[in-house]
Amino acid sequence: MAHSQGDHGGRDCLAGAIDCDIHPAVPSTRVLLPYLDDYWREHILRRGLERENLETSSYPANAPINCRPDWRLPSGPPGSSLAALQSHLLDRLRPSFAICNVIHGAQVMLSEDLSAALCRAINNWIRAEWLDQDPRLRASIVVPPHSAELAAEEIERCAPDRRFVQVLLLAMTELPLGRRQNWPIYRAAEAHGLPIGIHAGSSFRHPPSALGWPSYYLEDYVSQSQGFAAALNSLVSEGVFVKFPALKVVLIESGVTWLPASLWRLDKTWRGVRSEVPWLEQLPTETVRKHVRLTLQPFDAPPTEKQLQTLLEQLGSDRMLLFSSDYPHWHFDGDDALPAGLPADLVRKICVDNPLETYPRLKETMR
Amino acid sequence: MNRHVVAKVEDIQPGTRKIVTVKGREIGIFRVGDDFYGLINRCPHQGAPLCRGEIVSRLVAPSPGDYRLTRPGEMIRCPWHCWEFDIRTGQSLCDPNSVQARAFDVAVEPGRALVEGPFVAESVPVTVEETYVVVTL
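From first to last, the protein sequence lines stand for chains A and B. Here my numbering is used: position 305 in the first sequence is 289, and no number is missing along the way. Here my numbering is used: position 57 in the second sequence is 58, and no number is missing along the way.
Hints are computed from structural coordinates only; laboratory data are not their basis. Every residue, glycine too, gets a C-beta built ideally from N, C-alpha and C. Treat the hints with care, since some could be wrong.
[Stated by the list, open to error] Sample of chain B residues at the chain A side, in silico, Cβ under 8 Å:
{"#": "1", "residue": "Gly74"}
{"#": "2", "residue": "Cys83"}
{"#": "3", "residue": "Val107"}
[To be verified] Quick list of the computed label-pair ranges, beta carbon to beta carbon:
{"#": "4", "chain 1": "A", "residue 1": "Gly177", "chain 2": "B", "residue 2": "Arg89", "range": "36 to 46 Å"}
{"#": "5", "chain 1": "A", "residue 1": "Glu133", "chain 2": "B", "residue 2": "Val61", "range": "23 to 33 Å"}
{"#": "6", "chain 1": "A", "residue 1": "Glu341", "chain 2": "B", "residue 2": "Arg89", "range": "33 to 43 Å"}
{"#": "7", "chain 1": "B", "residue 1": "Gly16", "chain 2": "A", "residue 2": "Asp97", "range": "55 to 65 Å"}
{"#": "8", "chain 1": "B", "residue 1": "Pro80", "chain 2": "A", "residue 2": "Gly318", "range": "44 to 54 Å"}
{"#": "9", "chain 1": "B", "residue 1": "Arg89", "chain 2": "A", "residue 2": "Ala245", "range": "42 to 52 Å"}
{"#": "10", "chain 1": "A", "residue 1": "Arg146", "chain 2": "B", "residue 2": "Gly16", "range": "52 to 62 Å"}
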């Protein structure tokens, strides 16, 4: 949780900000039925899948982080009400845009075709029931990550709607994200000027830790940042940013502060084994600063503001951080959505300049 | 600055090196084809005996998977941490603008020119019939 004392990042400060990570939730699989292709609607009804909620297990229902207490809904999963989102966040903090990242079981299904069908339905649903209903909303394209070809098709299908500003993947999938099998996704995203958003999460059919399956939620949640480190390591080492030089990646809900030490290790080791990955001609840190962005919440803040300053220096770039509330997940109280101790000029960059640079489609519709 | 005769040309075959001591400093004399280069035998990273490392090529890839072997035998790889340096210039590959091994001028001279001096023949007797490797230091 972020600190809640004092007014840092309160209402006035955030007016006009761009919230780069909010989580509308599919209230139930039934609401997706009208948005499915005929074939897959029939398939789902025959199997009775509409009775399953198909949520991922990343956020157990009663885990405190799953939803801020005052943002819980009378019924339905947290984040499933547009009206609530408007009153809790959009009308209160007055961001100019908020980017919807739907996390759903569709992204982790074993059947590539069913996964793709449900992702199409989610993208249709978010467009009709959220983007069309509030001009402040933008969305990430949800794709079946285990079929790069079908994922690329879905990017092609959705990209003409400029309110889709990003492609969403999970940090821990069946393959490390940099592997060449995934490249059709990056090719399509780059061609359409869409960043790849990599959200915390796992397919959960491979252990979230390199040491196997943890016993407790605590371990699972903390392991997520190691999953990000591995995903980033894979993207850099496989040369994704060399192959797709215009591609940007946004690490969403990574915790942020693990990054400098991970990059020091990557840089140090690269110097000695450069010839193994000869496409990497630059220090990996330079590549990461150019191509990688991180959303702010949850922010694994060091204990003191002085240490925070040190950490910001270690990041070495004021262009990497993007404001996010992570609505409705519970990382801050009241309106204090920004971690304490961020310098004012950096706040401006985090809230406005960096998101606009990262998501060029937002500029097309700035009011 | 003096010129030091450090070896006969035939003592250093193409693709090999010889480590010599000049004014108390160890210098690796490398022969790439018929060209000779000198590098201090001290890695700028942590002081390893750089010139005792493997002589390697420069492996590059303009794009992932597009492998190309270039400049065969023109790189020296430090024996401790495997940082690569350009034998011709001493520049590192990992940080060419700030990590560089000191390079020395090396020339090939006929004995006939050398016997007249001035030079310091520390350990290599010079005769007019031979050709020599000369380091300026």
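Q) Can the suggested window of 42 to 52 Å be confirmed for the beta-carbon pair arginine 89 (chain B) and alanine 245 (chain A)? A) violated, 36 Å
query = Okay, glycine 16 (chain B) versus aspartate 97 (chain A) on CB: inside 55 to 65 Å?
reply = holds, 58 Å
Cβ distance range 33 to 43 Å for glutamate 341 (chain A) and arginine 89 (chain B), holds or violated = Taking Cβ atoms as reference, glutamate 341 (chain A) and arginine 89 (chain B) lie about 40 Å apart, which means the hint holds.
**Asked** Honestly, do glutamate 133 (chain A) and valine 61 (chain B) meet the 23 to 33 Å range at C-beta?
**Response** holds, 31 Å
Worksheet item: Within 44 to 54 Å or not, the Cβ separation of proline 80 (chain B) and glycine 318 (chain A)?
Response: violated, 59 Å
Next item in the hint list is valine 107 (chain B). Is there a CB on chain A closer than 8 Å to its CB? violated, 26 Å
Taking the CB of arginine 146 (chain A) and the CB of glycine 16 (chain B), does the distance hold inside 52 to 62 Å?
-> Hint holds: Cβ distance 59 Å, inside 52 to 62 Å.
Practice task
Using the beta carbons of glycine 177 (chain A) and arginine 89 (chain B), state whether their distance is inside 36 to 46 Å or not.
Solution key: holds, 42 Å
Original post:
Should the hint that glycine 74 (chain B) touches chain A count as held when the rule is a Cβ pair under 8 Å?
Top reply: Violated, because the Cβ-Cβ distance from glycine 74 (chain B) to chain A comes to roughly 14 Å (cut-off 8 Å).
Next on the checklist: Just to be careful: measuring from the Cβ of cysteine 83 (chain B) to every Cβ in chain A, is the smallest value less than 8 Å?
Outcome noted: holds, 4 Å
The structure is inconsistent with the numbered hints 1, 3, 8 and 9, although it conforms to all the rest.
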